[in-house]
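Go by the hints and put chain B onto chain A.
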Amino acid sequence: AQSVTQLGSHVSVSEGALVLLRCNYSSSVPPYLFWYVQYPNQGLQLLLKYTTGATLVKGINGFEAEFKKSETSFHLTKPSAHMSDAAEYFCAVRLKTSYDKVIFGPGTSLSVIP
Amino acid sequence: SQTIHQWPATLVQPVGSPLSLECTVEGTSNPNLYWYRQAAGRGLQLLFYSVGIGQISSEVPQNLSASRPQDRQFILSSKKLLLSDSGFYLCAWMLVQGRGEAFFGQGTRLTVV
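Those protein sequences? They're chains A and B, same order as listed. Basically this note's numbering = 1-based index in the first sequence + 144. Basically this note's numbering = 1-based index in the second sequence + 588.
Isolated chain A (complex conformation):
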């Protein structure tokens, strides 16, 4: 069965430090991959996506992610954390079954320490 895992339910980084949020997926077919961010009591906002082409994708707010097929991974990074990056981050996979659906990982809560 297809699934998405995110290593670490909580990640803390210092302001200015590298942000690395891990995502691995299992899929029998090439997936479409996404990272979303959620601020408290709000909906989900798309950070970036991979569909085809370049495996390193850049998103909003300085985030980027690299699709590694051999590792079935799609880790999210940002070189320098900002206080405003504190939020919940979800990795997601779009699957084509009898209909299109998006499966989400459990999420990683990012804290940024001043």
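No lab work stands behind these hints, which were simulated from the structure alone. It is possible that some hints are incorrect.
[To be verified] Derived Cβ-Cβ restraints for the label pairs, each shown as a range:
#1 A:E208 - B:G615: 25 to 33 Å
#2 A:K213 - B:V648: 24 to 32 Å
#3 A:H154 - B:S665: 32 to 40 Å
#4 B:V603 - A:G197: 37 to 45 Å
#5 A:G206 - B:K668: 28 to 36 Å
#6 B:N618 - A:E208: 31 to 39 Å
#7 B:S608 - A:S214: 44 to 52 Å
#8 A:P258 - B:P606: 20 to 28 Å
#9 B:V600 - A:S228: 29 to 37 Å
#10 A:E159 - B:S589: 27 to 35 Å
Glycine residues also receive a C-beta, built at the ideal position from the N, C-alpha and C atoms.
Relative to the frame of chain A, chain B by itself:
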């Protein structure tokens, strides 16, 4: 441009009362529509999806139901709420064709007391 509206933003309901949450999409036609629930500190669970008017499929058995009376309207309902129905409910839409992402509403925080 496409937008998605979801209301109300917050709702406090007593156990046993009915529920109706509404979601409408603008700027697109024949989208796939989805209801997700997010329990406190947990990920998103897909509850219902719809590929067209009157076509509803449930992902998990539960105390809730969904309806799609119009192409761009999706309603989540319950006849009698349970305490376990508390959570953050998110409506989303996605184009049927293509590789794009799902677009989300701002969510409804439901507290059943």
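Task: Structure versus earlier hints, numbers of those that do not hold, lowest first - done: 4, 5 and 8
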